[in-house]
Amino acid sequence: MAWYRRLWNVLRPGPLERDLDDELLFHREMRRRSLVELDPANAEAEAASRMGNLLAAKDGMRDARGVPWLASAIQDLRHGFVVLGRDAAISALVILVLALGIGGNSAIFTLMKSVFLDPLPYAGHERIVILYDRFNGPGVDQTGPTIPEFVDVRDRAHSFERLAFLDHRDFQLTGTDEPVRVFAARVTASFFPVLGVSAAIGRTFLPEENFGRGRVVVVSDSFWRTRMGGDSRAIGRVLQLNGDPCEIVGVLPPGFSFDYPTLGVPEPAEIYVPFEMTDAYMLRSSPYGNIRRVLALGRLRAGHSPGQATAELANIADQLASEHAALYRGPNNERLGFEMGAMPLREVIVGGHRKLLWLLAASVGVLLLIACANTAQLLLARSLKRAREVAIRTALGASRTRLTQQVLLEGLALAACGGSAGLALAGTLAHLLPGCYPCGIPCSRWRVWI
Amino acid sequence: MGKCKKEHLLGKLDLLVLRILSGGDTLHGYAIAERIERLSENVFQVGEGTLYPALHRMDEAGWIHSQWAPSDNNRRARYYRITAKGRRQLEEEREGWAKAAAAMDRVMRLA
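Just so you know, the sequences run in chain order A and B. Per the working numbering, residue 3 is the first one in the first sequence, and the count goes up by one each step. Per the working numbering, residue -8 is the first one in the second sequence, and the count goes up by one each step.
Just so you know, these hints were derived from the structure itself, not from any lab. Quantities reported herein were computed from a predicted structural model and do not represent experimental measurements. Note that the Cβ used here is the ideal one computed from N, Cα and C, for glycine as well. Treat the hints with caution; some may be incorrect.
[Unchecked claim] A few chain B positions that, by computed beta-carbon distances, are all more than 12 Å from chain A:
1) Ser31
2) Ala75
3) Arg79
4) Gln80
5) Asp96
6) Arg97
[Stated by the list, open to error] Subject to a maximum C-alpha distance of 30 Å in a straight line, what follows is the list of computed DSBU-like cross-link-like pairs (lysine-lysine):
7) B:Lys76 <-> B:Lys3
8) B:Lys90 <-> B:Lys76
9) B:Lys3 <-> B:Lys90
10) B:Lys76 <-> A:Lys60
11) A:Lys60 <-> B:Lys3
12) A:Lys357 <-> A:Lys115
Starting from the given sequences, assemble the full structure and let the hints guide the process.
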């Protein structure tokens, strides 16, 4: 007979029990009859005295028809829950301790997973890198490049499919009831393609729009919803920004942002405008050219690693330092140790949080160990109280395996309760954690990881 | 020691049951027990505690096939008959038993 039939016999024992009873009663009846013929007086007593035999027979038949280990496991589990109820105080304590340990770990792991493992919300995110300048002389570790440097890199480097930069500015939005401040990112037209994002409605910027042809603006999904009421005819409407009329050409998809605090972006950008590539910024000879630093990013060509890009950028930095020697020397004509490089986006975003997160993970790990030790202690204390029960069971013929199985299954019942309480706790904690986190958390999605 | 003996007898019980059923009869448990007792001239007393678990085990193994049918004492009874697989098993066990018995016999005669 197939295994599922046997499984069914364990889970729904009713029909099987009736069959076994019928078969044995028939046997008993037949035996009684045959005995009546021999010795009518003692027939009934003789047949009844074999009742014990019948019980043993039934046990054996049940084992043959079912899955004995499963049947005994179910029985032990049921008994386990009864025991849990009997020592409610100890059980509650164990469940609480386990819930705290497991909940803390799940919550921190959820955090770590979203920071280290979950993909960033950009297509092909592992190819996006951040460009940086470094001055070893004065000890400036990482800063954005200037715009002339960016232009030189764009012209000379081969590691990148596309390069982009942005900076941030406040704008006055007028034309509504009263002027409001909106936080804007000024971006190159290549910014959205580098991140692999296209507009949900309309379009993003054209390259010529970085050179002052037509004043345009792309708005974020939240700006579109809160300030424009999700107007479906938003494209073509005009916003007065700092007094200039700007035409809305696109609305970004919901959830898009590039506002990581670790990248130096203080708050979410509500709108995006084209960076105006004026000579004041683009030329080294102009007053701002060598001062204004921007957040530059690039998309690596397929097959190029950040390491290769860094090597190429270091090379370009050397060229720049010798071509514009005056700019890259200090007041006493000393070398500033100028270098350029590229770092994977995730590295930059996670950056200094790495140590803190590992510290958190280690501390909740220790918490779980303590929880385990406490649980073991409580269970040990309880088992002392149950020495009598074990003695009776042994006397009744329970084997060592059976006793071990019972204890393990009771533990399993406890652990299951503690575990589910822990996961419920983790769900709450995981939503609270980002709020408690000191400087914003570099992740976009929150889901409890089991 | 006791366990070993029990297993020993259980193995032989399978052989006895298969042999009884190999005649092609469809029998209920009581009849099988009765025949074993009668044919062994009451040397083998087959208790229901061993017979029925064995029958159900063999049914699960596919050596015998069981079916409910009404009986002559107003109760339904479970009737067993041998299957092709059971016959093959019988041949195997019979050979094994013959060898063991012959070997036992030779050793006893030597003694």
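Verification of the supplied hints:
Its beta-carbon lying about 17 Å from the closest one in chain A, B:Ser31 satisfies the requirement of being farther than 12 Å from that chain. With a closest Cβ-Cβ approach of about 17 Å to chain A, B:Ala75 is found to remain outside the 12 Å limit, as its non-interface label requires. At roughly 19 Å from the closest C-beta of chain A, the C-beta of B:Arg79 stays outside 12 Å, upholding its exclusion from the interface. Distance check for B:Gln80 against chain A: the nearest CB is about 16 Å away, which clears 12 Å, and the non-interface claim stands.
Against chain A, the non-interface label of B:Asp96 holds: every CB pair exceeds 12 Å, the least being about 32 Å. Interface exclusion of B:Arg97 from chain A stands, the closest Cβ pair being 35 Å apart, more than 12 Å. Proximity of B:Lys76 to B:Lys3 is assessed by CA-CA distance (about 18 Å); at most 30 Å being required, the pair is judged to hold. For the suggested pair B:Lys90 and B:Lys76, the alpha carbons sit about 22 Å apart, so the restraint of at most 30 Å is met.
Our distance criterion of 30 Å between C-alpha atoms is met by B:Lys3 and B:Lys90, whose separation comes to about 14 Å. The straight-line distance between the Cα atoms of B:Lys76 and A:Lys60 is roughly 26 Å, inside the 30 Å bound, and the hint therefore holds. Our distance criterion of 30 Å between C-alpha atoms is met by A:Lys60 and B:Lys3, whose separation comes to about 21 Å. Annotation: proposed proximity of A:Lys357 to A:Lys115 holds, straight-line Cα distance about 15 Å (limit 30 Å).
In summary, the structure agrees with every hint in the numbered list given earlier.
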